[in-house]
Amino acid sequence: MKNVFVLAVLFAVATASAEDMVPLKTKLPPPLFVGTPVPINVPNLEPPQHGKRPDFMVPKGTVNLALNKKVTSSDSEPIVGTLDLITDGDKDGDEGSWVELGPGKQWVQIDLGKEADIYAVIVWHYHSQARVYRDVVVQISDDPKFEKGVTTIFNNDYANELGLGAGKDLAYIETYQGKLMDAKGAKGRYVRLYSKGNTTNKLNHYIEVEVWGKPAS
Amino acid sequence: MVNSSITRREFIGATAAAGAGLMLAPGAKVFGQTKSANGKLNVALIGFGAEGRVLMESLLVIPGIQVVAIVDIWPYARTYGQRYLKAMGHEVKAYENYQDLLAGEKDLQAVVVATPDFWHAPITNACLKAGLHVYCEKMMSNTIEGARSMVQTMRQTGKLLQIGHQRRSNPRYIFALNHVIHGGKLCGRLTAVNGQWNRAVSEDLGWPKHSEMTPAQLAKYGYKDMHQFRNWRWYKGMGGGPLSDLGAHQIDVFNWWLGRPAESVMAGGGLDYYKPPQFAKRDWYDNAMVIYEYPMPLGVVRAFYQVQTTTSAGGGYYEYFMGDDGALKMSEDPRITALYREARAPSWDEWVRKNYIRAAAAPPAPADAEKVDVRETAQLAKYDMNVSFNEYIHQPHLENFFNAIRGQAKLTCPGDEAFRSEYVIHKANEAIPAQKRIAITSQEVEA
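So the protein lines, in turn, are chains A and B. Each residue of the first sequence is one higher than the one before, starting from -19 at the first, in the working numbering. Each residue of the second sequence is one higher than the one before, starting from 34 at the first, in the working numbering.
Everything labelled a hint here was simulated from the structure, so no lab data went into it. Incorrect hints may have been included.
[Unchecked claim] Some chain B residues close to chain A (C-beta under 10 Å, calculated; not the full set):
#: 1; residue: Arg116
#: 2; residue: Met121
#: 3; residue: Glu236
#: 4; residue: Gly239
#: 5; residue: Trp240
#: 6; residue: Pro241
#: 7; residue: His243
#: 8; residue: Ser244
#: 9; residue: Pro367
Note that this is a predicted model, so its numbers are computed, not measured. Glycine residues also receive a C-beta, built at the ideal position from the N, C-alpha and C atoms.
Chain A on its own, in the form it takes in the complex:
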């Protein structure tokens, strides 16, 4: 009898939680493809995604907290574009929509303004050409210097090229759908994204970053 009661409570909690969860709805840019495709040969590459990404469930009321928020970077003088493009809501892959940072290891950091519960980060590096960005690491922290209280939500730097620790996530091919990373409700005010060049060149690009969450309760 006691077991039945426990199961009933668990079922009720699960049902309530499921009802509070909704699919994350982001607006996708039009696909864009320019130039000669480049064969990609990188280790640990996940199979190309066919069709639309499956629904990703987030708590009701989750919004893109990064929209129009301030962005800083390890490269304060981008080669082309400006850092504000990363959170301006424009996800087009065309000229003028992306910022290009210098060669090698670079990061960008978004200040959400206050601590938040973060459920997902979606990144569009560059989608007018099929390419893979190397050593992608995404972290969340309340420390703007990312020296303490750091939660890593994505890391495909399998060889620890960045010195942040080796990751087990897979490399992926950029598409107009962006890459969704599960943040599992991590708390933090700042989101930092690393990369170290890509399969076409040594540079680092960002079109848009969305941080889906709710202000911390």
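Fit chain B to the supplied structure of chain A, relying on the hints for placement.
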């Protein structure tokens, strides 16, 4: 990188022996005259758009090459290129046009031209006449006359003209031609070819509004407005549409591998999808289906080619050479490439032992195997070629160009050879409105 017994040196040898149409560099006459003061080949890139940026990636990793200048009429691209190269450790000059480049650079040996097609001929001719060797992207020109003038200037000046059909220097393609098609004759008698490049619907290209050129700047270089400047490929008088943008690479492989240009072409196509009000007005066909005929010693080979800009269906981009013993589906993308053996073919064990090919893993048996229609021919055995290549896809073609300047190689795609291919591509564009078979004589394909 090439596997085991097949070395890069062998490819260079294979390239040199690839047969008719290859052109010897003028050897010592060129080498020495064209060496720069710093011992490297000083190179300028003309056109820093999407093509130019891809070529730049290769230029930056080829030893003995110094990029000293870039040229682009768009200030946005010029500034971007200069800043990009600075970030990569190269201080370069930036010029608005090729006339300024030729006036300003006195220690230049070669240029790489990656502008819109209708500027290829005037720029190439001027640079050849200025004593420079030229690597020019395909298509040579948007007109047959323009392409012919480039070959004539190449001959008059004695300078090298390489056209950017980069598959001709790709080690995988050279290996396949020399060892699979010719050496081992694994496909037997070639009977048909099928090529395609299909792309999904794509929006027109845009531009940063804060970086627009003025109407006067655009008009100076032949453009009506920014939209036409950014989307020139769709306009007659500027480019040749998808058959020339995408098909040119693959139809060139048809001619290269069959060892001759087509003798006839018929085609259908049209501008049926990209229409106002949903899309800006365009000129060129958005779809085309072409049939070429090649008279070969053992009989006619028919080659079908299609390009679609409204669907990516059909398995990507490839050139599929089919014979009575086997078929080779060739692509720049190794994942698409495959070699198939007919059941009637002589054993391929010798070529497996020689490490040229290997049997591919057998696909899983179909779950509904009992429903297989017995009237179908048995499924072909699949093999892979034992060759791999991990450099930038344009790198070997540029290296071939620079090695030819140094007198160390023959061009794999000199202007006169490229002209033969590009002529039949222009003819395919003519065949669509003509709605009839067009004969192509062996004389008219010569520049």
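Checklist entry - Should the hint that proline 367 (chain B) touches chain A count as held when the rule is a Cβ pair under 10 Å? => result holds (6 Å)
Item to check | Hint validity - glutamate 236 (chain B) Cβ closer than 10 Å to any chain A Cβ | outcome: At 5 Å from the nearest chain A Cβ, glutamate 236 (chain B) passes the 10 Å test, so the hint holds.
Checklist entry - Does arginine 116 (chain B) pass the interface hint, meaning its C-beta sits closer than 10 Å to a C-beta of chain A? => result holds (5 Å)
Checklist entry - Minimum Cβ distance from tryptophan 240 (chain B) to chain A below 10 Å? => result Interface hint status for tryptophan 240 (chain B): holds (5 Å vs cutoff 10 Å).
Item to check | Status of the methionine 121 (chain B) interface restraint (C-beta, 10 Å, chain A) | outcome: Status holds, d = 6 Å.
Item to check | Hint check: 10 Å Cβ-Cβ cutoff, glycine 239 (chain B) to chain A | outcome: holds (4 Å)
Checklist entry - Are proline 241 (chain B) and chain A close enough, Cβ to Cβ, to be under 10 Å, as the hint says? => result holds (3 Å)
Checklist entry - Once the shortest beta carbon distance from histidine 243 (chain B) to chain A is found, is it less than 10 Å? => result holds (8 Å)
Checklist entry - Taking the least C-beta to C-beta distance, is serine 244 (chain B) closer than 10 Å to chain A? => result holds (7 Å)
Comparing the model with each earlier hint shows no violations; every hint is respected.
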